[in-house]
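Engineer: Here is what each chain is made of, one letter per residue.
2 protein chains.
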Amino acid sequence: MQARSGPFWDGVEGRAPVPPAAATLGFEFVDADVEAGTIEVAFTATEAFINPAGNVLGAFLAAMLYDTVGPALLATLGPDQFQSTLQLSVSFLRPVRPGRLTGKGRIVHRDGDTVFLEAALLDGDATVVTTATATAQVIPSASAPTAA
Amino acid sequence: MQARSGPFWDGVEGRAPVPPAAATLGFEFVDADVEAGTIEVAFTATEAFINPAGNVLGAFLAAMLYDTVGPALLATLGPDQFQSTLQLSVSFLRPVRPGRLTGKGRIVHRDGDTVFLEAALLDGDATVVTTATATAQVIPSASAPTAA
Chain C
1 MQARSGPFWD
11 GVEGRAPVPP
21 AAATLGFEFV
31 DADVEAGTIE
41 VAFTATEAFI
51 NPAGNVLGAF
61 LAAMLYDTVG
71 PALLATLGPD
81 QFQSTLQLSV
91 SFLRPVRPGR
101 LTGKGRIVHR
111 DGDTVFLEAA
121 LLDGDATVVT
131 TATATAQVIP
141 SASAPTAA
Chain A
149 MQARSGPFWD
159 GVEGRAPVPP
169 AAATLGFEFV
179 DADVEAGTIE
189 VAFTATEAFI
199 NPAGNVLGAF
209 LAAMLYDTVG
219 PALLATLGPD
229 QFQSTLQLSV
239 SFLRPVRPGR
249 LTGKGRIVHR
259 DGDTVFLEAA
269 LLDGDATVVT
279 TATATAQVIP
289 SASAPTAA
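Respectively, the protein sequence lines represent chains C and A. According to the working numbering, the first sequence is numbered sequentially starting from 1. According to the working numbering, the second sequence is numbered sequentially starting from 149.
Calculated directly from the structure, the hints in this document are not laboratory data. Check the hints yourself; a few may be wrong.
Stated by the list, open to error - Covered stretches of chain C (chain A as the covering partner; in silico rule of three or more C-beta atoms under 8 Å from a C-beta of chain A):
hint, stretch
1, 19–29
2, 50–62
3, 75–81
4, 86–92
5, 106–113
6, 136–146
Here a beta-carbon is modelled for each residue, glycine too, at the ideal position from N, C-alpha and C.
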């Protein structure tokens, strides 16, 4: 078992606060297999995320998938590394009601600092409602981009 | 000028409440050119959307672009029509701090009920921070998908 250190694991294991954006999405860490590059997380879609039809707006499903692929990669990085998501492509398969959603993410391929990822969001019946692919870049924490 | 009726314009013009998901993103309607298929909207990225570095998590930038392309199409539809976003692809160009962001959306091409859209999110200096393309389908309101 690889040492679980760095900002991501500090958040997951309670040594650092959950980032605000993750808290807003009701993010919970469930499990990760660092060797396999897989992660399972969960989200809580509240009534604050619905459209007039009462479904979770796809906007928030996309947000949850962003916050699934990011952690899938972060879980595998060293304490001095961070990641930047360059591109996220989301397919909206089915509508879903508010509630707990499971995010399953996976590193498909890593080539140097370039990483290809995929993720799926599942409802309470384990039906896939939304899928995504993403491209990310591993960067030294010291050069993580910060807006002016 | 085309008659502005239907659920989208009811929300924009205050005859119906702003949908919860839009309110959560701080959505504001700014302007639309229905003939040209263009729209300008705005969002307020709050501290609830930030990552540990203090930037708006890309998850919420993707959400805002979802809620830009949707309205770009909805603004052009009749009162008995709705739309379903099938696919959204987002490129994260630059980090951005919380604040007011402008969303500019455009119908690139409509072929029957299939519609291709694009959008960009701009910061307070009008610098593009995130872009997206999307595919959507126009559907009768009566057959809008609802989760079980």
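Engineer: Would you mind marking each hint as holding or not holding in the structure?
Structural biologist: The hints, checked one at a time:
no.	hint	result
1	19–29	holds (count 7)
2	50–62	holds (count 12)
3	75–81	violated (count 0)
4	86–92	holds (count 7)
5	106–113	violated (count 0)
6	136–146	holds (count 3)
Consistency with the previously given hints fails for numbers 3, 5, ordered from lowest to highest.
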